[in-house]
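There are 2 protein chains.
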Amino acid sequence: MLADAGIVLTEDERASLEVTDFGLGLLDEIGLQLVVYVNTERVCAKELVLLPGQTCPEHRHPPVDGSPGKEETFRCRTGSVTLWVDGRGEVMLQPGEQFTIPPDTLHWFRAGDEGAIVSEFSTRSRDDTTVFTDPRVRR
Amino acid sequence: MLADAGIVLTEDERASLEVTDFGLGLLDEIGLQLVVYVNTERVCAKELVLLPGQTCPEHRHPPVDGSPGKEETFRCRTGSVTLWVDGRGEVMLQPGEQFTIPPDTLHWFRAGDEGAIVSEFSTRSRDDTTVFTDPRVRR
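Residue numbers (the working numbering), protein chains in the order written: chain E, 1 to 139; chain S, 1001 to 1139.
Simulated from the structure, these hints should not be mistaken for laboratory data. A virtual CB, placed ideally from N, CA and C, is assigned to each residue, including glycine. Heads up, some of the hints might be wrong.
[What the hints assert, rightly or not] Per the computed footprint, the stretches of chain S lying under chain E, defined by three or more beta-carbons under 8 Å from a beta-carbon of chain E, are: (1) 1033–1045; (2) 1067–1079; (3) 1089–1103; (4) 1125–1134.
The task is simple: from the sequences and hints, build the whole structure.
This is the structure in structure tokens:
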């Protein structure tokens, strides 16, 4: 999907592409594929790849170490994605459309029938502090 | 060039695509085209488009308002770009390759013969505090 979208990865990136089913064993329904381009103390950029209908489950990024928590901008590159954000509701993103999620704000997202590639631009990414609503989720 | 690379912009983004000759009147040699996706207090993401052989002149992003200055990751999407970074020298980036420039570090970059599209992931972008080495440059 990434190559079809004109997105070039290095060999190392292809080898380290992450697939997660969030510990639920239902990858086709609840899961995410991602490649992390950069994740410094200040800035993170990733490509998120979603299979058709695949959902990333509800979660938030709380304040940590005196920072207000992770701020994320999701930009749809291909396909479509429905993003739900607490206080805003559902936002449908088509290619070229984006939405910025404030820190510590519950959200989830689900790809449309064609799947989706979503660029994520954010502050530092820390899986260990993300809070998922479903206590069975493991990351 | 952006459409050829599979990069979709909204109408507003196409209308606000910025072209700068840095006040030198030599756009084909010294200049930059860019679209800013997001620029919050914490995170900025842009696409930089360079014509064949076009150069963005030497500059640095100094500390401002108690922050250490802008940190930038340049990721080459198409074409090629030669990036010069103080303390590191010249780095040639091909599609899929990237380099992270620390804050307050002099750098310049020039596209190869095919031009280049470069994704920039950074902390907040502020044109007004950027320091160019050539005092004739205006931004």
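Check the structure against each numbered hint from earlier and tell me which ones fail, lowest number first.
4
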